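Got chain A; can you put chain B on it based on the hints?
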Amino acid sequence: MKTFKGRPVVPGTAKAEALVSKGGFNTLASYQKSLMFGDKKGTCSDQNNPDLYGKPMSGKALCLPQTIGSTTGGMVLYCAAALGRQPACLLFSKPIDSLAAAGAILANVWTDISMPTVDCLGDEFLEYVKTGMTITVSEDGTVTVE
Amino acid sequence: MKTNMVLTEEQQAMLNGEKGEAMAKVMKTLVMYGEAFGAERMVPVTSKYGHLVTSFGLSVMKPVYELIDKLLEAGAVSGQKFSVDPRPLDKNVPSNFLQNLLFKFMYSKQKSYEEQLEKMGLMNEKAFTCTCYLDEVGNIPQKGDILSWAESSAVVYANSVLGARCNRNSGIIELFGSIAGCVPYFGLLTDEGRMASWIVEIRTTKLPEAQVLGSAIGMKVMEDVPYIRGLTKFIGTQLDDKTKAYLKDMGAATASNGAVGLFHVEGLTPEAAELGEKLIKPDARTYIIDDAELERVKAGYPCIWKDPSASPKLCFIGCPHLSLNQLIEWTHRLESRLKELNKEKVSVPTVFTASVPVLEAFNKTEESAKLAKMGGITSYICPLMYMNNPLCGKMPVITNSNKLRTYTTCRYYTDDEILDIITKGGK
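Chains A and B, in that order, give the protein sequences.
Using the working numbering, the first residue of the first sequence is number -14, and each one after it goes up by one.
Using the working numbering, the first residue of the second sequence is number 884, and each one after it goes up by one.
Hints may contain errors.
As the list claims (entries may be wrong) - Here chain A is said to cover these stretches of chain B; the calculated rule only asks that three of the stretch's residues, wherever they fall, bring their Cβ under 8 Å from a Cβ of chain A:
no. : region
1   : 985 to 997
2   : 1122 to 1130
Unchecked claim - PhoX-like, lysine-lysine: derived pairs with alpha carbons at most 20 Å apart:
no. : chain 1 : residue 1 : chain 2 : residue 2
3   : A       : LYS7      : B       : LYS1103
4   : B       : LYS1277   : A       : LYS18
5   : A       : LYS79     : B       : LYS1103
6   : B       : LYS1189   : B       : LYS974
7   : B       : LYS1307   : B       : LYS1228
8   : A       : LYS18     : B       : LYS1189
9   : B       : LYS1125   : A       : LYS18
10  : A       : LYS18     : B       : LYS987
11  : A       : LYS25     : B       : LYS945
12  : B       : LYS994    : B       : LYS1009
Hints are computed from structural coordinates only; laboratory data are not their basis.
Keep in mind the model is a prediction, meaning the values are calculated, not measured.
The C-beta atom is built at its ideal place from N, Cα and C for all residues, glycine as well.
Chain A with its partners taken away, still in its complex shape:
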């Protein structure tokens, strides 16, 4: 078990199974298919992301460095949240990027769902956490991995 301290961009609590992307998370490419065809599991459709491609993202603790790609990214994340297909939480090793921040904040202000978002967890966090591990997020941005 290991604990990491980050900055809560959208504070909240969550407990979920980790899903880890070592490379940048391309939000549009990842959600494109699942949003379009009503796939409630939010199966990742980004063929350029070998860590996530084909894996369900809904309800998972998504661990990633940052998001990349199209500026529809935040809107796509907002839609996933408004439709109840969002990850349980978003955990960034690096400082959050503008698209992910937009998605997390839009979901917070304009929907009733909870998707705690923590950034600046450090490279060590992403090195330590493996897909399938259990993640607990606290209000103050503390993330426990076991």
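The following block gives chain B in isolation, referenced to the frame of chain A:
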């Protein structure tokens, strides 16, 4: 809501709900967005026009249209007119019965969404393009303008080639900035945020393919600002039409294959010409790009066609949308290649995409009829949205766009390779 940001009286009043709940939520979103990046204040949006990324009435994007309805009901409309990304449908582009059926289902909200856009502040019905900054379209920010835009390829172009200032805003956020008339001051809006933390040294033997160079840079520097050296020996130091088109295509690849929002080209782009090496951070890292590196990057693109040896059924050229000169140049290249091969028409249906105003200008040139005669199809469509139709995504489609490759099943080829493929075989 409490905030550490220093707001003007008007902004604070908006946040407190004095202009209604919808405006309060718009401001709350912008304030939280600013706080996430350490912004201390808002700055006014100074460009004449905005640009929105969301141009498609996708039925599953219902939450977005509901949100816009809420804003319209509350009278929260954009304070500036705006252009918007290309339309997702155009009957000029070949599609079969089943594909059309699915298109109708997928984009069932297109008409109602376009009505929303009009009420919200769309420039005009021709303002659907990702290349809003081209002369024919006329949404051209001035150097130093503060923008509230989205569309990664337009943002990187406005920042880098025009010297305007815009963050890589997400869809919806860009609209909120245009509604509130202000954006949080951070990142690429600040002098510090525009400093380069990478030096990219171009050491190739010839002009790199714009789309591959952009891809290599994007994948390496991700969201950082690169300062590119060694490119002007190939493209010169004048920001003429040809150079701007090159930077448009290169930039789109840096933004989609990575998350670049601004690049400087030594001796060429406005800030690099003005400030030179002063733009480079002291601890900047260096990335050397030679022929082998470009080859390595290109060889790394996965081919996700079911049958990698399938013959292409369609080709898209123009993501981002083509400029007038690019359309003319493609016509000339195609004409001379077909002549060499003693052929009249392309063997693969090839769609050249550009904005409506650029296509109208092209239609006035003699090249327009020539391109049509050779089987070239012109369209204002967004090829990405065409490829999003899974029945289209299953087809072997080729493109010279690295952005299209990244988001769809399209296979990438260089311009020269595309020219070979679309002219071989057939009559």
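To see whether the hints hold, each was checked on the structure:
1. 985 to 997: Contact hint for the region 985 to 997 of chain B vs chain A: violated, 1 residues under 8 Å.
2. 1122 to 1130: violated (count 0)
3. A:LYS7 / B:LYS1103: 14 Å, holds
4. B:LYS1277 / A:LYS18: Since the Cα atoms of LYS1277 of chain B and LYS18 of chain A sit roughly 13 Å apart, the hinted pair holds (cutoff 20 Å).
5. A:LYS79 / B:LYS1103: 16 Å, holds
6. B:LYS1189 / B:LYS974: 27 Å, violated
7. B:LYS1307 / B:LYS1228: 10 Å, holds
8. A:LYS18 / B:LYS1189: Holds, at about 17 Å.
9. B:LYS1125 / A:LYS18: Judged against 20 Å, a Cα distance of about 36 Å means the pair is violated.
10. A:LYS18 / B:LYS987: 17 Å, holds
11. A:LYS25 / B:LYS945: Roughly 15 Å separates the two Cα atoms, so the pair holds.
12. B:LYS994 / B:LYS1009: 15 Å, holds
Checked against the numbered hints given earlier, this structure breaks hints 1, 2, 6 and 9; the rest are met.
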